[in-house]
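Asker: Protein chains in written order, with the numbering used here: chain A, 12 to 323; chain B, -18 to 501.
Quick caveat, the hints were computed from the structure, so don't treat them as lab data. Just so you know, these numbers come straight off a predicted model, no measurement behind them. We treat Cβ as the ideally placed atom computed from N, Cα and C, and that holds for glycine. Any given hint could be a false lead.
[Said to hold, decoys possible] Only some residues are given here: those of chain B computed to face chain A with a beta carbon under 7 angstroms:
{"no.": "1", "residue": "Gly177"}
{"no.": "2", "residue": "Ala190"}
{"no.": "3", "residue": "Ala194"}
{"no.": "4", "residue": "Lys195"}
{"no.": "5", "residue": "Asp223"}
{"no.": "6", "residue": "Glu235"}
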Amino acid sequence: MIQFAFKRFALAALILVVAVTVMFLMIRAVPGDPVSIMLGPRATPELKARLIAEMGLDQSLPKQLFIYFSGLLRGDLGVDVFSGRDVTTIVFEQLPHTLKLIFSAILWSALLGIGLGCYAAAHPNTWIDRAAAAISVSFIAAPAFVVALLSLLVFAVYLQWFPAIGVGEGFWDTAWHLVLPSLAIGLSWVGYIARLVRASMLEVLGENHIRTARAFGLSERRIVGIYALRIAILPVVTVIGVGMGFLLSSAVFTEIVFARPGLGKLVIDSITSRNYPIVMGAVLVSTALFVISTAVADLINAILDPRARSGT
Amino acid sequence: MRLEWKKASVGRRNFLRGATALGAASMLPMGWASRAMAQEDGVLRIRSYGDLSTMDPAHSVGVVDENIHASVYNKLIQYKPGTEWGWQMDAAAMIEQADATHINFALRDDIGFTNGHGAMTAEDVKFSFERIIADATESPNKPDMGPLSHVEVTGEREGTIVLNDPFAPLWTIALPYITGNIVSKAATEAAGGRIGTDPVAESGPYLRASWAAKEKTVLKRNPDWKGDAPVWDTIEILPIDDENTAEIAFDAGELDLTRVSLGSVERYRGGVPNGGALIENPSLYYVWLGMNLDHPKLQNIKLRQAIQHAIDVPSILQAAYFSAAAPSTGIIAPGLIGHRPSELVAPAADFAKAAELLAESGETNVSLTLDVLNKTEFTTTAQIIQATLAQIGITVEINLLESGAFWSSGENENLQLVLNRFSMAPDPSYATAWFTTEQAGIWNWERFRNEEFDMLHKAASAESDNAKRDEMYRRAQDLMEESGAYRFITHEATPVVHSSRVAPALRPDGLPLLRYFGKA
Chain A
12 MIQFAFKRFA
22 LAALILVVAV
32 TVMFLMIRAV
42 PGDPVSIMLG
52 PRATPELKAR
62 LIAEMGLDQS
72 LPKQLFIYFS
82 GLLRGDLGVD
92 VFSGRDVTTI
102 VFEQLPHTLK
112 LIFSAILWSA
122 LLGIGLGCYA
132 AAHPNTWIDR
142 AAAAISVSFI
152 AAPAFVVALL
162 SLLVFAVYLQ
172 WFPAIGVGEG
182 FWDTAWHLVL
192 PSLAIGLSWV
202 GYIARLVRAS
212 MLEVLGENHI
222 RTARAFGLSE
232 RRIVGIYALR
242 IAILPVVTVI
252 GVGMGFLLSS
262 AVFTEIVFAR
272 PGLGKLVIDS
282 ITSRNYPIVM
292 GAVLVSTALF
302 VISTAVADLI
312 NAILDPRARS
322 GT
Chain B
-18 MRLEWKKASV
-8 GRRNFLRGAT
2 ALGAASMLPM
12 GWASRAMAQE
22 DGVLRIRSYG
32 DLSTMDPAHS
42 VGVVDENIHA
52 SVYNKLIQYK
62 PGTEWGWQMD
72 AAAMIEQADA
82 THINFALRDD
92 IGFTNGHGAM
102 TAEDVKFSFE
112 RIIADATESP
122 NKPDMGPLSH
132 VEVTGEREGT
142 IVLNDPFAPL
152 WTIALPYITG
162 NIVSKAATEA
172 AGGRIGTDPV
182 AESGPYLRAS
192 WAAKEKTVLK
202 RNPDWKGDAP
212 VWDTIEILPI
222 DDENTAEIAF
232 DAGELDLTRV
242 SLGSVERYRG
252 GVPNGGALIE
262 NPSLYYVWLG
272 MNLDHPKLQN
282 IKLRQAIQHA
292 IDVPSILQAA
302 YFSAAAPSTG
312 IIAPGLIGHR
322 PSELVAPAAD
332 FAKAAELLAE
342 SGETNVSLTL
352 DVLNKTEFTT
362 TAQIIQATLA
372 QIGITVEINL
382 LESGAFWSSG
392 ENENLQLVLN
402 RFSMAPDPSY
412 ATAWFTTEQA
422 GIWNWERFRN
432 EEFDMLHKAA
442 SAESDNAKRD
452 EMYRRAQDLM
462 EESGAYRFIT
472 HEATPVVHSS
482 RVAPALRPDG
492 LPLLRYFGKA
């Protein structure tokens, strides 16, 4: 198990290095002079030259990359030359907002999706199953931006039950501000997880150990909720791990629509302004988040299913 | 490995049960709280299109910072709210133009800085203004101060602003705008000469209580402020980039004031939610189609004139600006010195004239590219230009560019047609500055070079007679249009909605002057 974990995290580190390198090269290939954009129309040539030097843009590309990775090894993501603030500070003050959004979306969509999937699997080919299928597919088909806008219009503007913008202060206020954004990005996951759990559960319910449990007279609720779910949930764990990446992408849009601070908004603003240090810092952290979440999902899978460790 | 099955199942069920109950129980009171949120007495919530970048006026990047700076700092003079451009006293008890290059001032005796930095003195004014023009400060706002030489301190609160040359924009930009903010010399020097995102000392009617990046800036009343007491206890400034989001937040009662999109003006004309009101201000932006005079395809002036005549501005305003904006006559907006009452080429297209000019040019099979920023109004405008130019046989290929790439287009020598939009401060010199010969290939993307224009730009800045300035700037715009390199489209508009509990104080271009906001 330790060897598996080591291999998995070594692979994660390698993916991170590749992703950051590619991103580093890509952003420099994008047309647009960062210094002119950042300083605006009235920057003097001297000021432009100083900023170019401070950003290291006067160095060759390989040297810039070397300097960047050297800084990374020291835990230094650089300095935003415009505001003079540490990129680490800038990125990490935005990160919690995105994490709260993603985890709240995962949490509620997983809880509802798993419940819906189990219930449908426990009543196969009944009207309940068909209704659950219809609901699941509807959720999957609903684009996040449509859900976001409709939920805003209905729950924020018309009913005024939930806030339209911001992140709130304190636990309950924060949770309250998360309702609509996490609904927007989590809704399709409810349907997706429900379909996945149903299919997986139906397969598990047909296995020998389940028949044995039934023979022992255990209740169907206990069999589904305890014995079958443990195995049926395995693909969901993997999907949620990979889903972190998709939710990070969705967070970009959601943070703009709901005027929430966060990594996605930070990346968009920084790319627009060609603020390379912040783009790299934000991309590094979000890539790390994605890589770590998939690695953790693999580890959880390995714990739950020993076959995953051996790769069989 | 053996897992404890019971733990998982009991936890899951209990969690689901508990979460459902908790969610249901908490929803109702939260709903009530929502309605009350924006109505909280004494708290004004307004939208800003961007986030604070610095508290240092020397490095301020524009109106977003200035909204906050103008509330927590003082200037000698401030813009006056209303529909006509003007200024009123702020920190100055007296200010007068002694001669063309000397301005005497005396400060009020009741303004002090926070954090124990004492009363505002003429030394603070000298320090604030001179650090803008000092090379060491590397302020991008240095041009706003024009030919400022220095500030002479003649008493504790008295001094004289000394210019190298006469400079009319001193009264319209330098003093009442970004560079006019007075910072504490002692506090700034103690901070190493540069102010970051936290203020080192404030003196205005409000203090910056907190700033959460990309979330909000909170201003609170300055308890030591001795001037007219600000009406609102707290001002929350929320950075919301997207206008549609801001409109939804306003409709939901979470904002007291926001600029709205031109596409929504018609809807708000029909009624603003919660008893609010719509204010339609003109804007200082100017939008035009530019033609690169250095490009081989655009050397023929008859061709350029044909393009000018073939573009139908009313159609653009109807389709891209939802008839909420008026045609522009040049780069200088109505209400400012130098605004032309009419343009040389009428707003409506004259296809017969355009076809005639094209025939005279001798150009055939003309095919051009049009670079456009990827925003809805510009892409729509570009499509209309494409369609109207097609009517005289000119083929246009639209290049959509995101903002980073678009704003670097100045150095692109292959640029042919470009749809552009600049903003300006309320002085005509701020508009003409970008079209001089020395700006060619930097911000003068048309590479328009005209000695008379350059001379007019320079002379008009130094001219104190407003009638003469007016004439000079009108002539300068005539020269631009006569070159055939420009088709002026619109100054857009600044529609603003506000809630029923607010009496907004806006500049003539619709931008808020927060310290003067009242209650309805």
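Asker: Which hints, by number, does the structure contradict?
Answerer: The structure conflicts with hint 2 only, although it agrees with all the remaining ones.
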